[in-house]
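**Student:** Chains as they are written, first to last, in the working numbering: chain E, 235 to 686; chain S, 235 to 686.
Warning: the hint list may mix true and false statements.
Repeated chains share a single entry, so a pair holds when one copy, or any two copies, can fit it.
[Said to hold, decoys possible] DMTMM-like mimics (lysine to aspartate or glutamate), calculated; alpha carbons at most 20 Å apart, straight line: (1) K236 to E299; (2) K309 to E323; (3) K412 to D662; (4) K481 to E244.
Hints are computed from structural coordinates only; laboratory data are not their basis. Quantities reported herein were computed from a predicted structural model and do not represent experimental measurements.
Protein chains: 2
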Amino acid sequence: MKKYRIVLSEREIPQAWYNIQPDLPAPLPPPIHPGTGKPIGPQDLAPIFPMELIKQEVSQERWIEIPDEVLRIYKLWRPTPLHRAYSLEKELKTPARIYYKNESVSPAGSHKPNTAVAQAYYNKKEGVRRLVTETGAGQWGSALAFATCLFEMECTVYMVKVSYQQKPYRKSLMRTWKAVVHPSPSNLTNAGRKILEIDPDCPGSLGLAISEAVEDAATHDDAKYALGSVLNHVLLHQTVVGLELKKQLELAGEKPDIIIGCVGGGSNFAGLVFPFVADKLKGQTIELIGAEPASCPTLTRGPYRYDFGDVAKMTPLLKMYTLGHSFIPPAIHAGGLRYHGDAPLLCLLVNKGVIGARAYFQNEVFEAAVTFARTEGILPAPETAHAIKCAIDEARKCRSSGEEKCIVIGFSGHGFFDLGAYEAYLDDKLEDFAYPQHMIEEALKEVPVIEG
Amino acid sequence: MKKYRIVLSEREIPQAWYNIQPDLPAPLPPPIHPGTGKPIGPQDLAPIFPMELIKQEVSQERWIEIPDEVLRIYKLWRPTPLHRAYSLEKELKTPARIYYKNESVSPAGSHKPNTAVAQAYYNKKEGVRRLVTETGAGQWGSALAFATCLFEMECTVYMVKVSYQQKPYRKSLMRTWKAVVHPSPSNLTNAGRKILEIDPDCPGSLGLAISEAVEDAATHDDAKYALGSVLNHVLLHQTVVGLELKKQLELAGEKPDIIIGCVGGGSNFAGLVFPFVADKLKGQTIELIGAEPASCPTLTRGPYRYDFGDVAKMTPLLKMYTLGHSFIPPAIHAGGLRYHGDAPLLCLLVNKGVIGARAYFQNEVFEAAVTFARTEGILPAPETAHAIKCAIDEARKCRSSGEEKCIVIGFSGHGFFDLGAYEAYLDDKLEDFAYPQHMIEEALKEVPVIEG
Numbered sequence: 235m236k237k238y239r240i241v242l243s244e245r246e247i248p249q250a251w252y253n254i255q256p257d258l259p260a261p262l263p264p265p266i267h268p269g270t271g272k273p274i275g276p277q278d279l280a281p282i283f284p285m286e287l288i289k290q291e292v293s294q295e296r297w298i299e300i301p302d303e304v305l306r307i308y309k310l311w312r313p314t315p316l317h318r319a320y321s322l323e324k325e326l327k328t329p330a331r332i333y334y335k336n337e338s339v340s341p342a343g344s345h346k347p348n349t350a351v352a353q354a355y356y357n358k359k360e361g362v363r364r365l366v367t368e369t370g371a372g373q374w375g376s377a378l379a380f381a382t383c384l385f386e387m388e389c390t391v392y393m394v395k396v397s398y399q400q401k402p403y404r405k406s407l408m409r410t411w412k413a414v415v416h417p418s419p420s421n422l423t424n425a426g427r428k429i430l431e432i433d434p435d436c437p438g439s440l441g442l443a444i445s446e447a448v449e450d451a452a453t454h455d456d457a458k459y460a461l462g463s464v465l466n467h468v469l470l471h472q473t474v475v476g477l478e479l480k481k482q483l484e485l486a487g488e489k490p491d492i493i494i495g496c497v498g499g500g501s502n503f504a505g506l507v508f509p510f511v512a513d514k515l516k517g518q519t520i521e522l523i524g525a526e527p528a529s530c531p532t533l534t535r536g537p538y539r540y541d542f543g544d545v546a547k548m549t550p551l552l553k554m555y556t557l558g559h560s561f562i563p564p565a566i567h568a569g570g571l572r573y574h575g576d577a578p579l580l581c582l583l584v585n586k587g588v589i590g591a592r593a594y595f596q597n598e599v600f601e602a603a604v605t606f607a608r609t610e611g612i613l614p615a616p617e618t619a620h621a622i623k624c625a626i627d628e629a630r631k632c633r634s635s636g637e638e639k640c641i642v643i644g645f646s647g648h649g650f651f652d653l654g655a656y657e658a659y660l661d662d663k664l665e666d667f668a669y670p671q672h673m674i675e676e677a678l679k680e681v682p683v684i685e686g
Numbered sequence: 235m236k237k238y239r240i241v242l243s244e245r246e247i248p249q250a251w252y253n254i255q256p257d258l259p260a261p262l263p264p265p266i267h268p269g270t271g272k273p274i275g276p277q278d279l280a281p282i283f284p285m286e287l288i289k290q291e292v293s294q295e296r297w298i299e300i301p302d303e304v305l306r307i308y309k310l311w312r313p314t315p316l317h318r319a320y321s322l323e324k325e326l327k328t329p330a331r332i333y334y335k336n337e338s339v340s341p342a343g344s345h346k347p348n349t350a351v352a353q354a355y356y357n358k359k360e361g362v363r364r365l366v367t368e369t370g371a372g373q374w375g376s377a378l379a380f381a382t383c384l385f386e387m388e389c390t391v392y393m394v395k396v397s398y399q400q401k402p403y404r405k406s407l408m409r410t411w412k413a414v415v416h417p418s419p420s421n422l423t424n425a426g427r428k429i430l431e432i433d434p435d436c437p438g439s440l441g442l443a444i445s446e447a448v449e450d451a452a453t454h455d456d457a458k459y460a461l462g463s464v465l466n467h468v469l470l471h472q473t474v475v476g477l478e479l480k481k482q483l484e485l486a487g488e489k490p491d492i493i494i495g496c497v498g499g500g501s502n503f504a505g506l507v508f509p510f511v512a513d514k515l516k517g518q519t520i521e522l523i524g525a526e527p528a529s530c531p532t533l534t535r536g537p538y539r540y541d542f543g544d545v546a547k548m549t550p551l552l553k554m555y556t557l558g559h560s561f562i563p564p565a566i567h568a569g570g571l572r573y574h575g576d577a578p579l580l581c582l583l584v585n586k587g588v589i590g591a592r593a594y595f596q597n598e599v600f601e602a603a604v605t606f607a608r609t610e611g612i613l614p615a616p617e618t619a620h621a622i623k624c625a626i627d628e629a630r631k632c633r634s635s636g637e638e639k640c641i642v643i644g645f646s647g648h649g650f651f652d653l654g655a656y657e658a659y660l661d662d663k664l665e666d667f668a669y670p671q672h673m674i675e676e677a678l679k680e681v682p683v684i685e686g
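Assemble the whole structure, with the sequences as input and the hints as a guide.
**Tutor:** Okay, structure coming up:
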């Protein structure tokens, strides 16, 4: 009998996160303090992160136990299903077997709660009363609001003003989960006031919202800051996805040939594929592909060097593929993928050739999204659709070559909050943005030159 | 170890729907032809429904096999999980054990695809190329668009114009699933044109959209009409919900004391509780409660008599609790519950005292919704929140009495498309509507007097 969904029981939920750090093929370049040029230490991060997360950031333990209180909340939606995409296969007339790991079933609609719940827990445990963050499209802000609400903490979200106005439903969702949402720039921080003085109508940016959130957390004793991607501990928490996937593929009797996820800051993709990296390093043949927008082609066109994580240069310097911290990607609908850099752990593996990357234009991505929705019936987020586009391309290659590959898609989130973008695509009103090389080079001129 | 979700495997999905007709405590009064005053026969329904559904409408077989092609699509999201609401219980400090059966995980976000998929299948099998329907808030239209898309059929949806304008995302979702969506009144039908001549700015109504959809189907050979609730075959298809629930409660070692669902046309609630009705008739103590809006109090305040199913008096007369076919409920946000009548099967059981009903105001319903979202983390649709409100009341009673009852909520859909209503509630801008008795009596004057 055909199996459509591979579902694990509650007992099979992973009991520990997988920390890739001891298994890396080369040492991870440390974050650098921009003032001293020296690696930063735990004390530098203590004002904005709780100690347990700082420890996870640098841990060399391969397995880190998931606390019971976190597991309890994971069980609201985890383990998530692995679906076999029979209808998509049929549509593509491919001999490939396509699967998708469905993280859209979380209450916030994406993979983001996997780390939001963990971060809220460790902060709460260390006496933090309030978490502060920024959000662009709203996925991360929603996830953190959800998590803090369940732990009875407060949550402050600085939401890029243009998103705040264009996506009022995301704001309402955060408010329903008790978060206080401010359009950024706000007059609540120095960073915000400074901008508003110059330009009262400033639409905001993610970089600016980060500056406001960090300032808020750093200047209030009972508050800490939370980040939804890029950092090691965030990627660590997302490995529940790949660990479940591994079990599910075994149950299905499959060995994956290709695993594909979309990449913004890299946490969704890393969580999906890191548990397979050790196998690959031991010689197993498996392709791991990150799919990113052609309008923000970090992994495919950026150099691998130290850069700031934010526009305002408040973060440590991280070694990563970067388009320059001053790079402003065009306003594509996959807002979650508009980040100038990428997670250092992921970048190291791309640099060592363990992980590959591809970039796609907006219209071909939405074409793939609609094909998926019309065959599999589930509506993907625009971010997720990048991975689907890549999988469709690979499945079509199999059609030509006759190869019966096993292809796995990381289905990171649903598109119920992105229907305006679908409408624009259906009405043939979506633009394709590619970034001209000279503009990337321009932005890279502002990146500090640091050896490492 | 605490069990948070009771999840069934694909193998445990029901293989047959449960038809309650042979188990009814009294014969079901037949639908009456308004012209002849006689019971209608299959030939009267043949222009708008396929024969297999007409047969199901009157079948006396207790079990009706679910076709493989329908099961194949059900497996995209079925079996759905049964959750234990530990956090809600804790918040309410109740000794009651609260469960919720989660139908919001379907690709369209509600229970509606359970029948949409079945209806699309039988129509396709009998050579129908296109299905036509109406939709108010958009849940049913989305579900039918989803189902027809997967069966590679066409779908035409007449969407109440005011919803079409206020809920553009629902329209975009239907378009993504290839449906053609017309704001109703449209100039595509006589019914629509007639209204537009008198009032070009008419905002439309569900009754009028039904008239347009039925006319479209009846006047095109390759098209049929599909209804999302009320009729026997629709309730039949929804019994997969209650059948799964029964298995899941057994696995949890529970005997339910109270099962609660929201009631609009009655299909969600019937699907949830019908598999438990036979047990109740055999003497098992179990309370089955339908929760409806105080602004449209069909079961709690309407008389039990024959009435039309639609405003335009195009349908057969059905024996049901009714507020009168000309009754226009206030524009509450639980659009799916704004129906003047209820499913005849359900009404018979209410009339015989097997099933009970309660009515709630809008603000108390949203208060319950927010309590649920803030404890269990999942955002309910406003319709679903009626059942949650009732469950919270019952759980509070247990707190007073010390009774350790097992209470089950039918979680019929998520609220991602209803965040405007949540925002209004959070901003204290929601109105409570109750319907004055004299206005109900006024509407009932138009109901034809028929014995039976």
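**Student:** Next, verify each hint and record whether it holds.
**Tutor:** Checked hints:
For the identical chains of this complex, K236 and E299 are inter-copy neighbours only, at 19 Å across copies versus 35 Å inside a copy, given an alpha-carbon limit of 20 Å. For the identical chains of this complex, K309 and E323 are inter-copy neighbours only, at 16 Å across copies versus 31 Å inside a copy, given an alpha-carbon limit of 20 Å. Taking the shortest Cα distances, K412 and D662 sit within 20 Å of each other only across copies (15 Å), while inside one copy they are farther apart (38 Å). Proximity of K481 and E244 under a CA criterion of 20 Å is satisfied in both settings, with 13 Å inside one chain copy and 17 Å between copies.
When the structure is compared with the earlier hints, no violation turns up for any of them.
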